[in-house]
Amino acid sequence: MTAPDTDISTSRNPSGGHSADDALLVIENLSVGFPTEDGVVQAVRGVSYTLRPREVLGIVGESGSGKSVTSLAVMGLLPKSARVGGSVRFRNDELLGLSETALAKFRGEHVAMIFQDPMSSLNPVYTVGWQIAEALRAHHEMSKDAAMARAVELLKTVGIPRADERAHNYPHEFSGGMRQRAVIAIAMANDPDVIIADEPTTALDVTVQAQVLDTLTTARQETGAAMVLITHDLGVVAGQADRVLVMYAGKPVEIGTVDEIFYTPRMPYTLGLLGSLPRLDATDTERLTPIVGSPPSLINLLPGCPFAPRCPLRQPICDVEEPELRPTTSATHVAACHFSEQLEGKKPSDLFQATSADDVLPDAEPSEQQARDVRGEAAAEQLSGGGQQ
Amino acid sequence: MTTVQSAPTLPSSEPARPVLEVHNLVKHFPVRSHGLIRRKVGDVHAVCDVSFDLYPGETLGLVGESGCGKTTTSRVVLNLQPATSGTVLFDGREISGLKQSEMRRLRREMQIVFQDPYASLDPRMPVNEIVAEPLRIHGRYEKSGRRKVAELLRTVGLNPEHGNRYAHEFSGGQRQRIGIARALALEPRVLILDEPVSALDVSIQAGVLNLLEELQDRLGLAYLFVAHDLSVVKHISDRIAVMYLGRIVEMATRDQLFASPAHPYTQALISAIPIPDPVKERARNRIVVTGDVPSPIDPPSGCRFRTRCPKFANQLSNAEQQRCIEEIPGLIDHGQGHPAACHYAEVVNVL
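Line order of the protein sequences matches chains R and F. Numbering of the first sequence is given in this note's numbering, commencing with residue 1 and proceeding in unit increments. Numbering of the second sequence is given in this note's numbering, commencing with residue 1 and proceeding in unit increments.
Worth flagging that the hints you see were computed from the coordinates, not collected in a lab. Note that the coordinates shown come from a computational prediction; the quantities given were computed from them, not determined experimentally. Even glycine gets a Cβ: it sits at the ideal position worked out from N, Cα and C. Heads up, some of the hints might be wrong.
To be verified - Cross-link-like lysine-lysine pairs, in silico, DSBU-like; alpha carbons within 35 Å at most:
| # | chain 1 | residue 1 | chain 2 | residue 2 |
| --- | --- | --- | --- | --- |
| 1 | F | K40 | F | K99 |
| 2 | F | K99 | R | K347 |
| 3 | R | K105 | R | K80 |
| 4 | R | K105 | R | K144 |
| 5 | R | K144 | R | K156 |
| 6 | R | K346 | F | K280 |
| 7 | F | K99 | R | K156 |
Stated by the list, open to error - Some residues of chain R that are not near chain F, with every Cβ distance over 12 Å (derived):
| # | residue |
| --- | --- |
| 8 | G46 |
| 9 | S87 |
| 10 | L96 |
| 11 | E100 |
| 12 | T101 |
| 13 | L103 |
| 14 | E109 |
| 15 | D164 |
| 16 | G224 |
| 17 | R287 |
| 18 | S294 |
| 19 | Q315 |
| 20 | R326 |
| 21 | T329 |
| 22 | F339 |
| 23 | T355 |
Bound conformation, chain R alone:
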């Protein structure tokens, strides 16, 4: 985390081309639905992105925005009942629809994953060293001793003190930060090309988070892997990512370089997120500007922009037509908003009010007409009730 290494600086501000040659991982129109008794939950509704070598792509969004499900779909880790559509290509090999054995070859060797909770991604009945060795032996012909020796080496790389002794410990004997580092060691074991880290530091304390983020940087430098960093923490993304993808209601609503997203956001949701963050670097103590309301239900989603009910720029067209991702400040900075040009030079407080109000509650089972009424009420209440302090 101390001063980004040279590798990152070359991949920062990547050239605009989306040519297939330099792409490591290409995801096109990925959709995931989960059938339930109430209908299909469309958790992911058409996600497309390209990951280039050595790049760090940050995916941000609130809970339920589909950011984790997207990466589980990429790894083929969703339950059988999930309906997955679209395409996931790793260096021109289609991953969707592959058999479990074919996928197993990709997992670990080419695409590795780090999960949020290290206690549930490690097996409690095997030693940590054994589990790293297992990952090695799954993809390489090597003796148990050689694998164990390499495992100890990996534990050293991720900064576990007295790695040769610690390799014989069980996961419960490790602290949370050390467990996550052991998981990173497993992810590094086979020199993957892509590491997908799903909220890797969310369960950890901040001082430990800083250690683990450092370890992730080490892991990237050692393996030369590109990384997809999924998090809800915009601070982590600001420090780690080259490019950022903002998700809302199962779709990317804005994609751009980290500077574009933080300094010139062109989607009201992104701006709203930035305005609702309490910041350590704030000098004044102004009220925050929350986004009133809550994300829509992903069952029977209404037509139009899913953010419209919470959006201060809402116009009649927003309820009819869902906006596509369109280029804004540059060809690579795309945003899904009909009125993205209106955000030029706007601060969060220009659009959002420093209110303490809450949205009206959605009805238990909204029919379409009822739901429309609720939306209308919400907007009306936002207009009238926003000023009451």
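Using the hints provided, position chain F relative to the given structure of chain R.
What follows is chain F alone, placed relative to chain R:
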């Protein structure tokens, strides 16, 4: 440690008397052996010699990492768990050791909002009843109760018409608002907020934080705001106490703490928090603390932070280190304008 000394708190400019005074609070939990006779084999030193004052209308942030004793402190202050030693004065009255009935009267004045809005609301009660429950318990429901409940729901930004719904029909942010309405029902003077927004998404969290600030302005409440997120604590607090392994290591006004943090742990904590600004974040120098928090069953001698302290490891000579090992640093002002519990406290700008 049972003797009441003058609390090493800030020399406050406020003339008002503190509504809550905590002196040398200690809480140990017994560790018992396995087997039939569960002998006591040790103590978890959860809270050690913690002292602070809370003035009317102010917010005191209590911040620290998991296991630092901040939640235990809040529970002991409320007398939900008995203190091992030390005193808690509410309005100048000692509350530890009060009888149940006396404590109940005091609870009207001090209420708590819990972290998890999914676990702290009874799923079998409609929201009206959840908010009315404290009124009923204290015999204040009677005729005007219904109106009072509706008013409370409106106060926290909820629609009173939805009062007959159950907790599961509300979002996380709305549930936390219900928890706040319940805490406000008895018109308390002190609210203890135990991680009230850490289970919420940022866009929702901001609304709840605004609500808390607004309620404080309107009702003159004093908040003890317990949280692990320093950015949230910075936003809402007037004064901040930083805890590490059961002890307060630094206490200052918000502006002082961030402009001139003097304890190495505070500095590390501030520098570890990522700032959502790419240019600033890239330019920052991080003070990385090694290792993990030691076990509170057997805390390090002397200064409890010394096992992870970057200053101890890199800057101090052997003779200087010896002092950290042998002598518990007092929470005193070393010339930086606020107390810090470090023998070698020195202001470093880390933002």
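Quiz item: Against chain F, does T355 (chain R) keep a CB gap of more than 12 Å to every residue?
Solution: violated (7 Å)
Quiz item: Taking C-beta pairs only, is E100 (chain R) more than 12 Å away from all of chain F?
Solution: holds (35 Å)
Exercise. Run the C-beta distances from F339 (chain R) to all of chain F and say if the shortest one exceeds 12 Å.
Key: holds (19 Å)
Quiz item: Taking 35 Å as the top limit, are the C-alpha atoms of K99 (chain F) and K347 (chain R) close enough?
Solution: violated (55 Å)
Quiz item: Since Q315 (chain R) was said not to touch the interface, does its Cβ keep a gap of more than 12 Å from each Cβ of chain F?
Solution: Holds, since 21 Å exceeds 12 Å.
Quiz item: Under the criterion that the straight-line Cα-Cα distance not exceed 35 Å, is the pair K105 (chain R), K144 (chain R) satisfied?
Solution: holds (20 Å)
Exercise. Just double-check T101 (chain R) for me: nearest Cβ-Cβ distance to chain F has to come out over 12 Å.
Key: The claim holds: T101 (chain R) sits with its nearest Cβ about 39 Å from chain F, beyond 12 Å.
Self-check item: Beyond 12 Å from every chain F Cβ - status for T329 (chain R)
Solution: Holds, because the least Cβ-Cβ distance between T329 (chain R) and chain F comes to about 15 Å, which exceeds 12 Å.
Exercise. Say whether it holds or is violated: E109 (chain R) keeps its Cβ farther than 12 Å from all Cβ of chain F.
Key: holds (31 Å)
Practice problem: Given the hint that K40 (chain F) pairs with K99 (chain F), test it: the Cα-Cα distance must not exceed 35 Å. | Solution: holds (27 Å)
Practice problem: Please work out if K144 (chain R) and K156 (chain R) have their alpha carbons no farther apart than 35 Å. | Solution: holds (18 Å)
Self-check item: R326 (chain R) remote from chain F - nearest C-beta pair above 12 Å
Solution: Non-interface label stands for R326 (chain R): nearest chain F Cβ at 23 Å, farther than 12 Å.
In terms of the numbered hints stated before, the structure departs from hints 2, 7, 17, 18, 23, listed from lowest to highest.
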